[in-house]
Amino acid sequence: MTETIRLLQVPLNYFRKEPIYLIIVLFFILELIFPFIISNYWILRIILFANLFVIYATSFDLLAGYGGIISFGHSLFFGGAGYLAGLLSLNFGLPLIVCIITGCLFALIVGLFLGYICLRLKGPYLAVVTLICPLVVLTLLYISPTILGGENGIAGFAQLAGGSLVKQFYIVLIVTTISLLIISVLAKGNFGLILKAIREDEIGAEAAGINTTKYKLMAFIVSGFFSGISGTLYAHIMGSIGPTMMSLQYGMIPVFMVYLGGASSIIGPFIGAYVVTFLDLYLLAFPYLRIIIYAATIIFVLRFFPNGLIAVPNEIGRLKRWLS
Amino acid sequence: MDILVNGVLLGLGYCLIAIGMALILGVAKVFDLTYAIYYTIAPYAALALIRTLGPITPFWLVFIISVGASVAFALATHALLIIPIQKQHLVVFVSTIAVGMAVQELLIFKAGSEPIHLPAILKGSSNIFGVWVANQKLLVGGVTASVLAMLWVFLSKTRLGLAIRVTAEQPEAMKMAGGNIRMIFLLTAILAAIVAAVGGLLLSPIYPLHPFDWLDLLIIAFAVMVLGGLGNIWACLPAALILGISEVAVAIYIPFGGIIKRTVGLIIIFLVLVFRPTGLFGIKGWEEES
Amino acid sequence: MAILKVEGLVKKFGGLIAVNDLSFSVDRGKVLGIVGPNGSGKTTSFNLISGFIKPDSGKISLNGDDITKLRPYVIVRKGMARTFQIVRVFRHLSVYENVKAAKIFNVDRGEDIDEKIAEVIHLVGLKGKENEKAINLPIGDLKRLDIGRALAAKPSVLLLDEPFSGLSHQEVTEIIPLLLDLTTKGMAVVIVEHVLRELKRLAENIIVLNFGVKIAEGQFENVINQRAVREAYIGAVNNV
Chain F
0 MTETIRLLQV
10 PLNYFRKEPI
20 YLIIVLFFIL
30 ELIFPFIISN
40 YWILRIILFA
50 NLFVIYATSF
60 DLLAGYGGII
70 SFGHSLFFGG
80 AGYLAGLLSL
90 NFGLPLIVCI
100 ITGCLFALIV
110 GLFLGYICLR
120 LKGPYLAVVT
130 LICPLVVLTL
140 LYISPTILGG
150 ENGIAGFAQL
160 AGGSLVKQFY
170 IVLIVTTISL
180 LIISVLAKGN
190 FGLILKAIRE
200 DEIGAEAAGI
210 NTTKYKLMAF
220 IVSGFFSGIS
230 GTLYAHIMGS
240 IGPTMMSLQY
250 GMIPVFMVYL
260 GGASSIIGPF
270 IGAYVVTFLD
280 LYLLAFPYLR
290 IIIYAATIIF
300 VLRFFPNGLI
310 AVPNEIGRLK
320 RWLS
Chain R
0 MDILVNGVLL
10 GLGYCLIAIG
20 MALILGVAKV
30 FDLTYAIYYT
40 IAPYAALALI
50 RTLGPITPFW
60 LVFIISVGAS
70 VAFALATHAL
80 LIIPIQKQHL
90 VVFVSTIAVG
100 MAVQELLIFK
110 AGSEPIHLPA
120 ILKGSSNIFG
130 VWVANQKLLV
140 GGVTASVLAM
150 LWVFLSKTRL
160 GLAIRVTAEQ
170 PEAMKMAGGN
180 IRMIFLLTAI
190 LAAIVAAVGG
200 LLLSPIYPLH
210 PFDWLDLLII
220 AFAVMVLGGL
230 GNIWACLPAA
240 LILGISEVAV
250 AIYIPFGGII
260 KRTVGLIIIF
270 LVLVFRPTGL
280 FGIKGWEEES
Chain V
0 MAILKVEGLV
10 KKFGGLIAVN
20 DLSFSVDRGK
30 VLGIVGPNGS
40 GKTTSFNLIS
50 GFIKPDSGKI
60 SLNGDDITKL
70 RPYVIVRKGM
80 ARTFQIVRVF
90 RHLSVYENVK
100 AAKIFNVDRG
110 EDIDEKIAEV
120 IHLVGLKGKE
130 NEKAINLPIG
140 DLKRLDIGRA
150 LAAKPSVLLL
160 DEPFSGLSHQ
170 EVTEIIPLLL
180 DLTTKGMAVV
190 IVEHVLRELK
200 RLAENIIVLN
210 FGVKIAEGQF
220 ENVINQRAVR
230 EAYIGAVNNV
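Chains as they are written, first to last, in numbering that gives the first Met the number 0: chain F, 0 to 323; chain R, 0 to 289; chain V, 0 to 239.
Since the hints were made in silico from the structure, they are not lab data.
Every residue gets a Cβ at the ideal spot worked out from N, C-alpha and C, and that includes glycine.
Among the hints, erroneous ones may be present.
As the list claims (entries may be wrong) - In silico negatives: residues of chain V with every beta carbon more than 10 Å from chain F:
hint : residue
1    : Gly7
2    : Ile16
3    : Gly38
4    : Ser49
5    : Asn62
6    : Ile66
7    : Val88
8    : Phe104
9    : Ala152
What the hints assert, rightly or not - According to the in silico footprint, chain R covers these stretches of chain F (three or more CB under 8 Å from chain R):
hint : segment
10   : 124 to 136
11   : 245 to 257
12   : 294 to 303
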């Protein structure tokens, strides 16, 4: 109990020290007026999805950037929660809010299991195990076309806010803002510091009195939970669920977004999510080139800008100094 | 008996697939996920060649050029992408996945997502221990055996093979002795690509190849490598046989077996890494080196 | 009164006996040195005592509590902290963050954590470098940071694993008063060291290990002159 209190303790000048909160609040206020100033239906929808992916990417960053646990199977949370929510809605007609919460709780529990499995794994081994977990579940989908929708997925269940784009936009905006605030408090505070310590040197962290097992599990649970939120909302906005939600592609999405924007920050995944979502909009015109461009981009970024876009100003500064 | 024969033959094919990747992992200590692309490129190249040059092209020419295409791709990937960032395992992991996804899309773009079929080299079937098997499968088994034998001879009896083994165990020692490690890594990549390409060319007549199969191939290679034990390429053979036999057994005995087959590999990877990371014959402490 | 008591510690790795029936105790405010040639089981003993590996048999007591089977982080919170032969610091974090990470679970109600962190940083002589990233620090400062991380846990027993290796005589001279001062406040210190000349300035008593067995124990001068000890060291570095 006292440990939990310690986690949330913040010094008095905390909010002044961390600009991120101001940024989140500004973001919220700015986007509040979007439905009024943006008349283009599609652009509004894109921003809505960008916000959803902000939650997805940021939750991934908590585990990967702060905790150093890079899982390639976050689509398990995203798709798993989405599928559960969609199935509950379709088969039992439960109210949306119940479906969504159940989906998120499911993601949370899955996070616990996956975290437990991954406790003793490191680096590439962790990457491989996390990568294959959603694939195993996917096989389950393929063999039960009637119940779970098989290859084609399921459509036709209740949509968020009865399909009204504006209402959906505001719901997602509120959820995104709250999620960002919660994740920021965790990441910028003691919890984030503990995760970073574990990332830097797990044995050293243990020698510093940190219960590494507990915090690694907590990181998985929190990360899974928020990925689940974005997955369930995604499912209910699309009105359909399909195997792609649990594919490698959707598992790589947060990886791309976080490393493009800059890991171990809140603003990095945020930028990454927006950039990728908007980039995707333009690349939809070139279906095959799309993935090639993503691939080339991530390779380029990892090679030359390992700290992501947010570090670009520093890199440019360094380059200028080097040139002069 | 049916299971045994088919399982063994399948396992031999899997061994061929896995051993190249095990080589790269053992020597360069990286997970090169584009490896499955080396397998994929050869049959597509072969098909393209046959289509442009006509069906009377001598098969050995097509063979050599297709293998060459894989080798060229492997060299490019390793020289440009992997070797510069060799020490950063996760970056290599992500980058090679990215390349794989890109090539997959390229292939779908150019050749569609319908599976391709190469004409078999050995037609017809023979009766082995009372089971009828396609001759092509026997060819695969034979080729795998010879490849393994040649590899063994190369690695243990030649100077170059010795150089590779030294680099695998003690790269620093190799560097100090004046060896060119980069060349060794590239050479390993070439070997791996040749093995993969040969595997692709021989196996695609039996198992139609889709552009997105590279992921499945990786899973097979991984399952074999981890089961056998990372760092020990010869362990690929028994591991591959186990995988092959299990898959055939599952396909026959378990409902939906055809689809679940791939899960066998996944489950093996999962169980091994979680409960016995060194695999069956793995070298302990290998992970600490990397 | 012994604050740390080790009884009958045994650890085997396969067929090799790394630690063979090791027993010793340390009183409050005392410094004990553990010496011995390479491979004599010194670091293994530390790992056993601090909970990073589990002994095959034996008992470890801290202030009367049995800590043999506890996880390392619990042992730290109970008051025994350690440093590492190859320093373990959080490289991409600042000095401040390094100490804070260790302080979070070791600060008492009512204490101001920033104050306590500043105290530790000042104590190990890193004042003014709070915002430096650990990765930029020279080895001497890294050793100080390692000790700082251990001290942040307010230990009653401090285990130092080769604290002087890699340090110049000057740097060691600067650290010794810090350690002696801590002992006057009741902290017990156990030091594994090779650099016997420097160790002599700190440890009144030492125990000598060879092949996992304690072959000598007692006051520094007496022990060093024992025949068994000199024999154990022949072939190894002898820099007394």
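Status of the hints after comparison with the structure:
no.	hint	result
1	Gly7	25 Å, holds
2	Ile16	24 Å, holds
3	Gly38	21 Å, holds
4	Ser49	7 Å, violated
5	Asn62	16 Å, holds
6	Ile66	14 Å, holds
7	Val88	7 Å, violated
8	Phe104	4 Å, violated
9	Ala152	5 Å, violated
10	124 to 136	holds (count 8)
11	245 to 257	holds (count 4)
12	294 to 303	holds (count 6)
This entry does not satisfy hints 4, 7, 8 and 9, going by the numbered hints stated previously.
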